[in-house]
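Start from the sequences and build out the full structure, keeping to the hints where you can.
There are 2 protein chains.
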Amino acid sequence: MLNHIRIILCQPTHPGNIGATARAMKNMGLSRLTLVAPENYPHAEATSRASGADDILANAKVVNTFEEAISDCQWLLGTSARSREFPWPQLTPKEAADKAISLSASGQEVGFIFGQERAGLTNEQLQRCDFHLCIPTHPGYSSLNLAAAVQVITYEIYQSFLANNEMELPVTQFAEKATMEEVTGLLAHFETTAIQVGFMDPHHRKKLMPRLKRLFSKAQLEQDEINILRGFLKQVTRIQS
Amino acid sequence: MLNHIRIILCQPTHPGNIGATARAMKNMGLSRLTLVAPENYPHAEATSRASGADDILANAKVVNTFEEAISDCQWLLGTSARSREFPWPQLTPKEAADKAISLSASGQEVGFIFGQERAGLTNEQLQRCDFHLCIPTHPGYSSLNLAAAVQVITYEIYQSFLANNEMELPVTQFAEKATMEEVTGLLAHFETTAIQVGFMDPHHRKKLMPRLKRLFSKAQLEQDEINILRGFLKQVTRIQS
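Respectively, the protein sequence lines represent chains A and B. Quick note, this note's numbering runs 53 ahead of the 1-based positions in the first sequence. Quick note, this note's numbering runs 53 ahead of the 1-based positions in the second sequence.
Hints are not guaranteed to be accurate.
Chain copies aren't distinguished; within one or between two, either way the pair holds.
Said to hold, decoys possible - Mimicking DSSO-like on lysine-lysine, the simulated pairs with C-alpha atoms at most 30 Å apart in a straight line are:
1. Lys230 x Lys114
2. Lys260 x Lys271
3. Lys266 x Lys287
Since the hints were made in silico from the structure, they are not lab data. None of these values were measured; they are calculated from a predicted model.
Structure (structure tokens):
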């Protein structure tokens, strides 16, 4: 139930946070860590803060881009501060954990993404998420340390795992959700078609594409829905040429 | 409701953990920290890990003995590993947090005590507690970092505070969701276009349309998303004719 869940740190700056993340994960039964372009890694402080969880570090996947990190995820949950300009399904840590456990139990690949210490996730990264989650903090001082945020989320994941394991809830059957890579493929296909039919000005694509990205993310597309939409787009361009 | 709750660290060894404890507390609306005979304190690492929570450090009460630290507490909750030889009322973090909030709300002084990094609380300290609480962790690796344990407990305290206070979390503002009629209009528009470009056989539309209906319903379309999609479809047919 836990092995389809991974933790993805995007461009972490402090190696200590990487080590503490590994330790938090191992405490809570998680093992799959992905690091996107870490600034100082490997590093003695990461190893030291990992304490007994150095196996998590040793097996961590280190990649250069966010796209690589999420390409085979089917569901993305992003941690965010509360006040973002665009609305998104917003979950509490417990709701997010329950969702992740039920998805993972049915074999779906789930990624929790955490942004850089100072900046958090970018709007573009947040737009790739199926859900946003927010750890409620005191309004006077809301900047959680990165590893502390990971600790809270992994704690909730493990509590949800224990609760589900005790009650043996019937596993929800989910259709095969598209991977992020498949959604990216659809977006690119739509973009080309929209330009070809004269719906989108190639010089102003930056206005429309984020909106479509968000729309397709909200739709939580399944693999055969991607096939239907791409089939339609293919037919549109076939007629054109 | 939060100001009768204090966090007591007993003989902490690593100054980094003291700083991270202060930060975790401030994030979760707590301000009263007591340090019993800290090994390295004050210390630059404590200040650095406290980040913006240095006021908590500055106001921390530093005492020499455990007795001094707990003397004016009315209730003591001690964190412990699960398997202690003597039986005691054992709470989950959430149960402990709920209890602390309800006690604090009625003006009772509550102390959460945390033991030394390596050794934890002594049996003698645990015997002074009204309740023991245990953070459930994976059996394979159960040694939580001290500051991480404080983070989990303070997180639960603040969640319980929010729930009890019925402090309404700011409601996410959603854009204007499309009416059912607008979604139906989009579906019809898609159907016409799909037939026109030869993507859908008009005699077999019953296979595809329910799938699209479900897809668009999942997407929880907003009004301007409908406009974007219909604009695209319009352009496709304009080119055609």
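Hint-by-hint comparison with the structure:
1. Lys230 x Lys114: Within one copy only: 23 Å inside a chain, 40 Å across chains, cut-off 30 Å.
2. Lys260 x Lys271: Both. Shortest intra-copy (18 Å) and inter-copy (23 Å) distances satisfy the 30 Å Cα cut-off.
3. Lys266 x Lys287: both (19 Å within a copy, 20 Å between copies)
Checked against the numbered hints above, the structure violates none of them.
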